[in-house]
Every structure is written in C-alpha cells, then in structure tokens.
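Each chain, letter by letter, is given below.
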Amino acid sequence: MPISKKVILVGHFGVGKTSLIKRFVHQKFSDDYLTTIGVKIDKKVLNVDSAELTLIIWDIAGETNQSKIPKSYQLGAHGVLYVFDITRPSTYDNLHEQLNYLRSILPMAPIEVIANKKDLLSAEEQEQVLEGIRHTGIHATSAKTGENVEMIFEKLAGAMLA
Amino acid sequence: MSEELGFKQLRKILLEQDWEERQELAQKLHDLDDQLNSRERLESKVNPILQDQENRFQNNFPKLFGPQITETIKTQNKDSQDEVVEALYPIIGRMIKKYITSEIQKLSDRVDEQMELAFSWEGWKVRIKAWISGTPQKDLVMSKLIEPKIEEIFVIEKDSGLLMGSFSRQVSVDQDMVAGMLTAIKAFVEDAFSSEQQELESIDYENYKVVLKSFKSFYIAVVASGGMTSSFRDRLDDLLIDFADRVLKKARDGEDAEQEISGSLAEYFNDFDDADK
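Same order as they appear, the protein sequences are chains A and B.
Following the numbering used here, the numbering of the first sequence begins with 66 at its first residue and continues without gaps.
Following the numbering used here, the numbering of the second sequence begins with 1267 at its first residue and continues without gaps.
Next comes chain B alone, as it looks inside the complex (with noise of 0.2 Å):
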C-alpha cells in the first residue's frame, strides 16, 4: 500500500463519524431551510400557534383591555360631551317625539270620547255615579282616560316574606323572589322610622305602583299600571278585604293552599279591570 493510499484510508477511519454527523446536519439544514421558504410548510408550522394566541387574546380581551376601554370612553365621553349630546339628539329626540306624539294622539283621542259622552246617557251616567260614589266627576273621567290595571297580585306570609300565592297577567321574574324582596323593603322601612303601629302602605315606580295591604299574618301586594284613582283604590281595598276574609284565612291551613289562594286570585281579580268599566 501506497502512503498515500494509507493516509487516506486513516484520514478516512478517523473522520468517518465526523463526515456522517456533517452529512446529517447539512440534510437538517437544508430540510429547515425548505420549511421556510416554503410558505405552506411554514404555515401547518405557525398557523396553530397563532391560532392558539388569537384564542388566547380574544378569550382575555375583555380582562386585558376592558377596564382601559371603558376608562377612555367614559374621558372621552367626558371631553367631549357636545359631540355625544350632537351625536344622539336627533335620535334621542325622534324617540321621545315619536312617543308624546302617540301618547298625545291617544289622551286626545280619548278626550274626544268623553266630550262626545259628555251629554249622552253615559255621560249621565259617570254623573250619576260621581254623585253616589261621592268620587269627583274629574276622578271617573281620569279613570277612563289612564286606566288603572292590576298587572300582578302577591299574597305573602308577614315575617317570612314566603309566597302562598301569586296571580300575575305576565309573569316576568321570580315570583318568590319578588315576595321576599317586598318583604325585605317593608320591613327596612318600618323599622327606619320604628313604626311598629304603622306600615309601609304603597310603593311607586314611575307607572306602576304597589299597593301593600297588610293583615295580621300575611300581607298582601297588589301591582298596577296606570292612574290609580280612589275610587279604584277603593274598590281594590274592598274587594282584598273581601278576599282575605272569604278565601284565605280558610286555605291557608289547607293541604295545597298555594294552588287554591293562587287560582281564588284569578277568579276574583281577572276582570276587575274591565268590572270598573
């Protein structure tokens, strides 16, 4: 053998592994070289990580940026008050416009009514019960024009603020919810101006108001919309007296009493409204 020949069979032994590892390398670097000027295989690498990290931000958006968000609309707000005034005045005031229109266009409509009544035999009539009833006349007439109407009636056990029964037109919320709050706030109220005489009789809230009827254990709420005119009033204390006396001091110790003091409600109160007409 050649010295030559022995040299590179020795350079060849040594750098054998060496060679191996370059050649491995050299295929990994090409092979990631491939992965990023190719743009779909760059994208099956990235596209789940930015996925992940639009998840992520859109998921933590609200906490991340929600306190600095409303921070800059409620300056911006602020500083600008006239824009935003400029901004929702004419809708704003197409809605409100919009809505006296019709109201008005209503209350006129029903005045009409009543002048066309004023010397009929109904308007003798309105007459001739103010004068019984000892209701003004003014009072009859406001009655037609803005018609009371019991929307929900709440019977409620006095200390617990338990339901034993309810009758409502449309129920809306949580009915024994509803009970217990009432409760709460009566009882807030008497013992603020420690009044252990005297309880809290009604509540008012815009159109509604709550008329709260109280008996010796239990007490009952009654819901109405519109002008509440004494005679209505009147009407309405009667006929819960009536109610109370009749109905539920006898059902209350009864095996389903909820039901019976819940379907009473309806059959004495479904149409008292239109018993006022």
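Looking at chain A on its own, in the form it has when it is part of the complex (with noise of 0.2 Å):
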C-alpha cells in the first residue's frame, strides 16, 4: 500500500534548502541562487523496506527565525530536514533555540539536521564547525557533488516510517 509523508525543508535564507530537493528530485545542481518565495511543493517516491514512500516535500522560503514561517506551513510535517551553511555561522548560531521551537510545534515529527555546502570546507575545517556546534547527528552534506544527499532523506524516510 503506497504512503503519503510530507516533509518540509526550512533553515536560513540562501542555506541551499532549494539545492538540496533539486539534487534529491532532480538530480540537478546550478550555482544561481534564486530566493524561494513562499513555498514550493516536490515529490518523489522511495522504496523503503520493501514499501513506497511517496515524499511531498514543501521548500519553504529561509527565515533567521522559524516562528516568523507561517504555521500552516508546518503543520502536519511528519518529517523535518533542518538545513544550515557550514561555512555561514550566522545560519547555525540559534540552531538549538530554532529546534526546540520546531519540536513544540511537530513533536511527533523526527528532526534531522544538515551542515550543507561541505564541499567548500576541508575535513579538518568541517570537524572543527562541527565540533563548535555541540549538536549530535548532524550530517554534512553537499548539493553540489550530492554528497549524502539521498542518504540524508533516506534515513528521514526510514525515522518516519518508524
């Protein structure tokens, strides 16, 4: 029997949120940055143990602040990819304080988190950001070489199905 999971994308502006699902979804990657406006609604469908997962994944447009997003937004959200830049401090500075108010709001729904733009880091650098930020289970990604890309949703997809 296929299932329906929505999923929402949110983090700062200009995190790469967008770059992510395109490369997810599409496979694609572009180094024009485009600002989301509102929302954008995607799909796909994974197989997950032996099951089809069908993914509506809402983009929805970068805030510093999760609580200026419309709640509407958010709601209902079985799944929650949390985005920042590994090299923009300022997009992962209230990481624990933008979390919290994401599980009052879906505290049924599993978070993960994504340091983004790993590419333009070395793996000591990386480390390092990763170090400062005293948060377990983030996972480095990169939406330009795909870098952990699907296996961030795939491991979302499985929390959900949980």
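FYI, nobody ran anything at the bench for these hints, they're computed from the structure.
One or more hints might be untrue.
Just the calculated beta-carbon pair ranges, DEER-fashion [said to hold, decoys possible]:
1) B/Thr-1336 <-> A/Gly-223: 39 to 47 Å
2) B/Ser-1438 <-> A/Pro-172: 32 to 40 Å
3) B/Glu-1320 <-> A/Gly-223: 49 to 57 Å
4) B/Val-1455 <-> A/Phe-78: 18 to 26 Å
5) A/Gly-211 <-> B/Ile-1366: 50 to 58 Å
Partial pick of chain B residues on the chain A-facing surface, computed with a CB cut under 8 Å [stated by the list, open to error]:
6) Ala-1396
7) Glu-1423
8) Asp-1425
9) Ser-1426
10) Leu-1428
11) Asp-1440
12) Asp-1442
13) Met-1443
14) Gly-1446
15) Met-1447
16) Ala-1450
17) Ala-1453
18) Glu-1456
19) Asp-1457
20) Phe-1459
Result set (DSS-like, lysine-lysine): computed pairs, CA atoms no more than 25 Å apart in a straight line [stated by the list, open to error]:
21) A/Lys-105 <-> B/Lys-1479
22) A/Lys-108 <-> A/Lys-209
23) A/Lys-105 <-> B/Lys-1475
Just so it is clear, the structure is predicted and the values come from calculations on it, not from any experiment.
We put the beta carbon where it would ideally sit given N, CA and C, even for glycine.
Quick one: dock chain against chain with the hints and give me the complex.
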C-alpha cells in the first residue's frame, strides 16, 4: 500500500534548501541563486523496506527565525530537515533555539539537521565547525556534489516509518 | 690515393649524417607540401578539427549568444513596436475573430434553442423549477447556455496537504503536488488575513473556478469550468456534505483509503453534470 508523508525543509535563507531538493529529486545542481518565495512543493517516490513511500517535500522560504514562518506551512509535517550553511556561522548560531521551536509545534516528527555546502571546507575545518556546534547527529552534505544528500532523505524516510 | 679522392672520402665521412638529415627533411617538406596542396589529404586532417569546433560552437551557442540574442530581440521589439504590431496584428486578429465568431455562433444556437423552448413543455419545466427552487429563471437559462462542468475533485488532508483521494476527467498534472500547492495557497491567504475563523472558499482562474469546501480535518477542492450558477453551487455543496458524511468519515481510516475515496468520488460525481440538465 503506498504511503505519503509531508517533509518540510527549513533554515535560514541561502543555505541551499532548494538546491538539496533539486539534487535529490531532479539530480541537478545550479550555482545560480534564486530566492524561494513562500513555498515550493516537490515530490519523490522512495522504496523503504519494500514499502512505496511518496515524499511530498515542502521547500519553505528561508527565515532567520522559524517562528516567522506561517505555522500552517509547518503543521502536519511528518518529518523535518533543518538545513544550515556550514560556512556561515549566522545560519547555525541559533540552532538549538530553532530546533526547540520546531519540536514544540511538531512533537511527533523526526528532525534531521543538515550542514550543507561541505564541499567548501576541508575535512578538518568541517570537523572543527561541527564540534563547535555541540549537537549530535548533524550530517554534512553537499548539494553541489550530491554527497550524503540521498542518504539524509532516506534516513528521514526510515525514521518517519518507524 | 690522390688528394682529391681523399678529400671526397673525408667529406663523405664528415657530412654523411648531415646529408641523411637533409634528405629526411626534404622528404618531410615534400610530404607536407603534398598534404597542403592535396585537397583530399588536407580535408582528412582538418575536417575532424573543424567538426569539433562546430560541435562545440553548437553546444555553447545558447550560453554564448543566448543573452545577447534575447537582449537584441527585446530591444528590437521595444524600438519597433509598430512593426511588430503590424506583423502580428493580422494573425492574432484573425485568430481572435475566428474564436469569437465560433463562440457567438454557439451562443446564438443555444439562445435559439432556448427561445424555441420558451413556450414548450421544457420552458414551463424551467419556470416551475425556478419557482420551486427559488433560483432565478435567468440563472437556470444561463446554466444551460454555459454549462458548468466538474473537471477535477481533490480530497485533501487539511494540515499536511496530502491527497486523500481524487476524481479527474482528464489527468494533466501531478495531483499530489496540486493538493500540496492548493493547501499552501489556502494557508497563505488565511495567514495573510489572520483569519482563523474564516477560510478561503474559492479561487477564480479565467474560465475555471476552484471551489473549496472545508471540513474539520480535511477539505475538498472542486475544479469546475463554465459558468457556475448559484443552483449548481448549492447542489454541489449538498452533494459534498453528503459525500463527506457518508463516505469520507468511514473511508479515511480504512486499509486502502485513497482507492476507496477515489472510487466513491467517481460514483458520486461522474454523472453530476448530466443530472443538472
């Protein structure tokens, strides 16, 4: 029986949410930056543990504070991908506060945290940044090279079905 | 050995290598000359390079010249609006004229039909129907002239925007994404006007109208074309409430909810337009 789940991508503007979706759904990447207005919806069908899972992915326009986003965009989400830019501290300075807010409005939804644009830093630099954030389970990805992109969506899909 | 013979021998020994190199060089020069002057040989060498250049040029053409061409066309259009209008006017004019003529012809045929029906049994039926239902007679006549038609129906979960079931006469776009976008539009409008108690009820798009009927945890979006009269809207509302009450509330918790809801939608609404006649 096919199952559908709503996944939202949130985070500051310019962290690469749209690029991650573009990479995951269309296997494409573009260096051009076009800001998302409001929300954009995409869809991808995955096979998870022999079940057909349809992900309806809501690419929500970036905001420095999640409480500024219309709640109705976030409500009903079965999973959350919180994205920040590993090269811009301002995009992860308030990470804990933002995650707490998301947990308060979506208590049942699994949340995965993504440090995007890993291709711009060396392995040591990445390690240094992630250590400084003091949050476990952050996955570094690159929408540009595609590294870890599929994996993170699949991980969230598994968590939503668990 | 004479002195001259000895000298020749010495020259031969000293210059033999130079002589051989000169011979080789002369041969190469001759070969190169032949290659340059023989069209066939020159083509076989140069053609692959030219072909490569041509392919590269073709592939990169949009990237290299696209913006300039677009800019040139834009400037040209801006600077010579009169010429563009002059060139397009007859074509567009003819198209519009043809379309309007055909639509007026259709409308005229239908008005004729209605006029013929005015004092017939059908005409009296319309009058009685209008009197009983309280719907203005003009609405009933108009509904026959530009008949409204249900094109698609989506049953959508309110918060998540997930599609619970659908009915469509002609599937054109991804229904899951339409359901998501409708939910986003609905959420945006309701948030923008901070009206928790009020809900978006319809979206108009040229000849189409999307009617949104909200229930507690889901809403139904009906895409209809044609002129929607108040009687059509009333009848649609009644049927949607009945459908929600009888089918949706039971089906949504079932094993194969989407299939059950979609099947029931088809049963309920397939003949809806015909029933209006």
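Results for each hint:
no. : hint                                 : in the structure
1   : B/Thr-1336 <-> A/Gly-223: 39 to 47 Å : holds (46 Å)
2   : B/Ser-1438 <-> A/Pro-172: 32 to 40 Å : holds (38 Å)
3   : B/Glu-1320 <-> A/Gly-223: 49 to 57 Å : holds (50 Å)
4   : B/Val-1455 <-> A/Phe-78: 18 to 26 Å  : holds (23 Å)
5   : A/Gly-211 <-> B/Ile-1366: 50 to 58 Å : holds (53 Å)
6   : Ala-1396                             : violated (41 Å)
7   : Glu-1423                             : holds (7 Å)
8   : Asp-1425                             : holds (3 Å)
9   : Ser-1426                             : holds (3 Å)
10  : Leu-1428                             : holds (5 Å)
11  : Asp-1440                             : holds (6 Å)
12  : Asp-1442                             : holds (5 Å)
13  : Met-1443                             : holds (5 Å)
14  : Gly-1446                             : holds (4 Å)
15  : Met-1447                             : holds (6 Å)
16  : Ala-1450                             : holds (5 Å)
17  : Ala-1453                             : holds (3 Å)
18  : Glu-1456                             : holds (7 Å)
19  : Asp-1457                             : holds (4 Å)
20  : Phe-1459                             : violated (12 Å)
21  : A/Lys-105 <-> B/Lys-1479             : holds (23 Å)
22  : A/Lys-108 <-> A/Lys-209              : holds (20 Å)
23  : A/Lys-105 <-> B/Lys-1475             : holds (22 Å)
The structure fails hints 6 and 20 (numbered hints given earlier, in ascending order).
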